[in-house]
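Trainee: Single-letter residue listing:
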Amino acid sequence: DAKTTQPNSMESNEEEPVHLPCNHSTISGTDYIHWYRQLPSQGPEYVIHGLTSNVNNRMASLAIAEDRKSSTLILHRATLRDAAVYYCILSRTGAGSYQLTFGKGTKLSVIP
Amino acid sequence: GAVVSQHPSWVICKSGTSVKIECRSLDFQATTMFWYRQFPKQSLMLMATSNEGSKATYEQGVEKDKFLINHASLTLSTLTVTSAHPEDSSFYICSASRLPTNEKLFFGSGTQLSVL
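Residue numbers (my numbering), protein chains in the order written: chain W, 98 to 209; chain V, 164 to 279.
By construction, these hints were calculated from the structure, which means they are not laboratory data. Treat the hints with care, since some could be wrong.
[Unchecked claim] Within a straight-line C-alpha distance of at most 30 Å, the following computed DSSO-like cross-link-like pairs (lysine-lysine) qualify:
(1) W:Lys204 x W:Lys100
(2) V:Lys204 x W:Lys166
(3) V:Lys229 x W:Lys201
(4) V:Lys227 x W:Lys100
(5) W:Lys201 x V:Lys183
(6) V:Lys229 x V:Lys177
(7) V:Lys229 x V:Lys204
(8) V:Lys204 x W:Lys204
(9) V:Lys204 x V:Lys177
[Said to hold, decoys possible] Sample of chain W residues at the chain V side, in silico, Cβ under 10 Å:
(10) Tyr133
(11) Gln135
(12) Ser138
(13) Gly140
(14) His146
(15) Val182
[To be verified] Not everything, but these chain V residues come out facing chain W in the computed CB check (under 7 Å):
(16) Phe270
(17) Ser272
(18) Gly273
Owing to the predicted nature of the structure, the values given are computational and were not obtained by experimental measurement. Glycine is no exception: its CB is placed at the ideal position from the N, C-alpha and C atoms.
The following block holds chain W by itself, in its conformation from the complex:
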C-alpha cells in the first residue's frame, strides 16, 4: 500500500476548526483516501473518504489536493468528543473486499 505521512500530534481549542493534514505523494490513480479515528480503548470509527473531489458529511469535510498528493481532514467545530487519533489511509477498492493498513496517525487534543 502507498504510504501516508501525518503529524504525530495536534492541538485545537474547543469550538474552533481543525485542519488535519496528510501527505500521500505516492498515491496511485485507483487509491481512495480514507480517514478513520480511534477514541481511547475503542475500535476505529469511519470518518470520511474520497477519491478526487472534496467530500462533506455530517462529521467532517475532506479536501483533496488537485494532484491528490495530499489531503486535509477538516473538523468544522472541534468538541471534546473529537479528541482521538486520526488515521489517514489509502486503499484500493474493487469488486472484492479490501484491507486498510494503518499508520501512526495524528493524536488530536482538544483544549476546553
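Got chain W; can you put chain V on it based on the hints?
Mentor: Using the frame of chain W, we list chain V on its own:
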C-alpha cells in the same frame, strides 16, 4: 449505521489457556472480516483476513497455529488465541465490510486481552 459487535470486551486468563474472541456483523452480511492487534501507544497491525467458508489469510509473522480464525457464517468470525502467553496481551479488534459496497469498514469495540 451498520454495527459490528465484538465479545468479550476484556478478558484475563492464565498463561497456557486459550481464549476465543467473537466478531459479529449485526445487521449486514460480511464475506470478509479483518483482525487487528494493537499494542499500547501503537497503531493497529493487521493480523489476518478472515474469509467466509475458506481459510484465513495471515500476515507475515503471524502464527496461524497460534491465532486460529474461523469464519463459518456471513455474520460471525472468531479468533482463538491458543496457549496464550503474557506477550500475547494486547487489544484485539475486528472489522468487516458490508456487501455489496466495500467503501468503508465497520469496526468492533475491541477486546483487551491480559495474560497472567
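Trainee: Hint by hint, note whether the structure agrees.
Mentor: Hint check results:
With a CA separation close to 18 Å, the supplied pair lysine 204 of chain W and lysine 100 of chain W stays within the 30 Å bound. For the hint pairing lysine 204 of chain V with lysine 166 of chain W, the CA-to-CA distance comes to about 27 Å; that is within 30 Å, so the pair holds. The hinted pair formed by lysine 229 of chain V and lysine 201 of chain W meets the criterion: a straight-line CA distance of about 26 Å does not exceed 30 Å. The straight-line distance between the Cα atoms of lysine 227 of chain V and lysine 100 of chain W is roughly 27 Å, inside the 30 Å bound, and the hint therefore holds.
The straight-line distance between the Cα atoms of lysine 201 of chain W and lysine 183 of chain V is roughly 28 Å, inside the 30 Å bound, and the hint therefore holds. Of the pairs offered as hints, the one joining lysine 229 of chain V and lysine 177 of chain V holds, with about 16 Å between alpha carbons and a cut-off of 30 Å not exceeded. The hinted pair formed by lysine 229 of chain V and lysine 204 of chain V meets the criterion: a straight-line CA distance of about 24 Å does not exceed 30 Å. A threshold of 30 Å between alpha carbons decides the hint, and for lysine 204 of chain V with lysine 204 of chain W the separation of about 10 Å falls inside it, so the pair holds.
Straight-line distance between C-alpha atoms of lysine 204 of chain V and lysine 177 of chain V comes to about 24 Å, which keeps the hinted pair within the 30 Å bound. Interface hint at tyrosine 133 of chain W: satisfied, since its Cβ lies 8 Å from the closest Cβ of chain V, which is below the 10 Å cut-off. Against a cut-off of 10 Å between C-beta atoms, the interface hint on glutamine 135 of chain W holds, since the closest Cβ of chain V lies about 8 Å away. With a least beta-carbon distance of about 7 Å to chain V, the hint placing serine 138 of chain W at the interface is held under the 10 Å criterion.
Interface restraint check: glycine 140 of chain W against chain V, minimum CB-CB distance 3 Å, threshold 10 Å, status holds. Among the interface hints, the one on histidine 146 of chain W holds; its C-beta lies about 6 Å from the nearest C-beta in chain V, closer than the 10 Å criterion. Against a cut-off of 10 Å between C-beta atoms, the interface hint on valine 182 of chain W holds, since the closest Cβ of chain V lies about 8 Å away. The criterion of a C-beta within 7 Å of any C-beta in chain W is met by phenylalanine 270 of chain V, whose closest approach is roughly 3 Å, and the hint holds.
The interface hint given for serine 272 of chain V is met, as the beta carbon of that residue sits about 5 Å from the closest beta carbon of chain W, less than 7 Å. Hint status for glycine 273 of chain V: holds, given a least beta-carbon distance of 5 Å to chain W, under 7 Å.
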